[in-house]
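Colleague: Going down the list, the protein sequences come from chains U and D.
The first sequence begins at -10 in the working numbering and counts up one residue at a time.
The second sequence begins at 63 in the working numbering and counts up one residue at a time.
The hints are simulated quantities; they were obtained by calculation from the structure and are not laboratory data.
Here the structure is a predicted model, which is why all the values come from computation and not from measurement.
Any given hint could be a false lead.
What the hints assert, rightly or not - With the C-beta cut set under 10 angstroms, the calculated list includes, among others, these residues of chain D facing chain U: (1) I79; (2) V81; (3) I183; (4) G198; (5) G357; (6) Y361.
Quick reminder that beta carbons are idealized off the backbone N, C-alpha and C, glycines included.
The chain contents come next:
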Amino acid sequence: MTTLPARSARASDFSASIRGDVVGLLGFLGLVVVLLSLTTDRFFSGTTFTSVAFQLPELGLLTLAMLMPIISGGFNLAATFTANIAGLAMAWVLQRYGGADAGAAAFVLGVVAALAAGSAAGWLMGTIIAYTGAHPILVSLSMMIFLRGLGEFLTHGGDISGFPAFVLTIGQGTLLGIPAPLWVLAACALAWHVVMTRSRLGFATRMIGSNIEATRYSGIDTKRSVTLIYTLSGLMCGIAGVVMLARFNSVRVGHGESYLLITVLACFLGRVDPFGGFGRVVPVVIALVILQVIASGLNLLGANQHLATAMWGAFLLAVMVLRWIWATGFLQSFFRNNPKYGENS
Amino acid sequence: MPDGRILGIGGTERWLILVVLVMIVGLAFSTDTFFTLSNLFALINTSAVNIIFAVGLLVVLIAGGIDISFAVGASVTQYLTTLTVMYGGGGDWAFGFVAAAAFGLMLGAFNAALIYHFRIISIVVTIATFNLFFGGLMFMTGGVSLYDLPDWLADRVVLLHLETASGGAELTLPVAVMAICVAATWLLLRRTTTGRQLYAMGDNPEGARRVGINIGAMHYLAFGWLGMMAGIAGLMQAHYAQEVVPNALYGRELDVLAAVVLGGARLGGGKGTILGAILGILLVAITQNGLNLLGITPYAFKMIIGAIILIAITLSSDGVAKLIGSLRAPKMRGSEA
């Protein structure tokens, strides 16, 4: 009886969704790991998994920053550059309070500055989108041009470095055998999951993505919600900026620019509806692991960087085409026939 | 007030004309070099490629789509065209234009096919094809530029040469091609039923479908038109720069997109004029030119232009218009009475 989800009961609904997308994605992850292990015998080793664990957080935090705007029917194209600017804010604080000799207090203050800078950029975007009705793609695009310009103006295109040694220890250290940045990602993903499933804002986000006018008429303050969504997205970019600074021990405007495509890819591979309204954190996190494993595998195979770029593009198209085929019900009739049969008889 | 709508002058265009004029007057007085024929002609020559891109992109925006792959698509067509021409034993301008337009059309149709047949939103498709085109081009060419262009393509064609006190001023071939592209797009949008159908689809796709507009054909037309314009713009850029560099146009799509939106085109479709798009490009070009002449550090250019676009989008969107409109409405009614 448990093979068919009963839509009314919450528990079975949850287990049904686990069965559906999560199991499918985990299967895909297993397939990717097996294929890469067969391709090169260096893949299935500790070093590969360490590299995945260390590289995942940056991509993951930026994807979380992209997730809420997409579920709300928008986009945040400024994500990577917001993270850069947040990193710059932190670098500025660290350099002001002693540079390489800065203490823990300066570090904490730097983190606060980074989060504040990220949130401020997000808040500005959210306010413009919410109160003027301008399209999120346009607002975040012009914000991206502005932030990139601001970063180039401040750094003149160079690297900012010269941070205390303990920053690198945090960025590349481990806690209980797990890289510190991965703990940060885990905490953020959990927080996002709670926000999306248990809070009013999470509910409002999904409703706004489905139909913003209907949401407004039902008494939800959509302007406040949209502002909050982008502010939180900016906050997440700020966290990503801190992690990027700590891991590379430097800040460069433009670092992580190529992540933009992969964050979008992770969201859509993770079954987020491109038209907004539907999407959950857990499948997106699994999709992230898949993409990072593929990226590390390609790296290990020595694939050309530009070939990898082209491949990510093709992969995104393939995912979208497969989703369309799935949505048309051609494959679903294949999978659903048997349980339905059992139910009816 | 004279009705400028016959000429395509709406509210946004009036503001842009005003701002552009103020900037021209301001720069003419604050710098010696801005208001010279050679500087103005240079401004038009360098803006020609962007304006060709802009009118193509305008068609897609009006139809309710967005495309960020067209600039790298233009780089791909540059390579394909140059290689085809060289294998074909030299070729000439006519062959070059046909090849560039055809390759561009193919890339545009590829986008349209994915968007229409698989119901994928255009921003996602074009983010993907942006990476596919650029990564593929860089991989295939190994990042190597082509300098050995055929003579007809590399030789500068001067249409008009004037000797002025501040040096020679000349208009080159890209300006003429730009004029033809602008005129063709104007004809398409303003003087054909198909053009009006594009507006209709952008404004309300479902409504357009129900009155019998062929939505699929409109997708191919809009993205194909942009592809064709991008191909021609790419050829002009290669002619202007006298070389084909695979990443020369990388990032250009954002500049053009921002400028077209500045000109009043709306994401979500159904709105936008050619005059507005051209004014948007000119505004950005004059700003950059002016900052240059005023001796402001080039590192600040993008920041200033980004801020201008952000402010313009904020001011030109519907919400603010309604806000201002509700404040002004009583007064206007009073003045009419």
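Colleague: Are there hints from earlier that the structure breaks, and if so, what are their numbers?
Modeller: 1, 2 and 5
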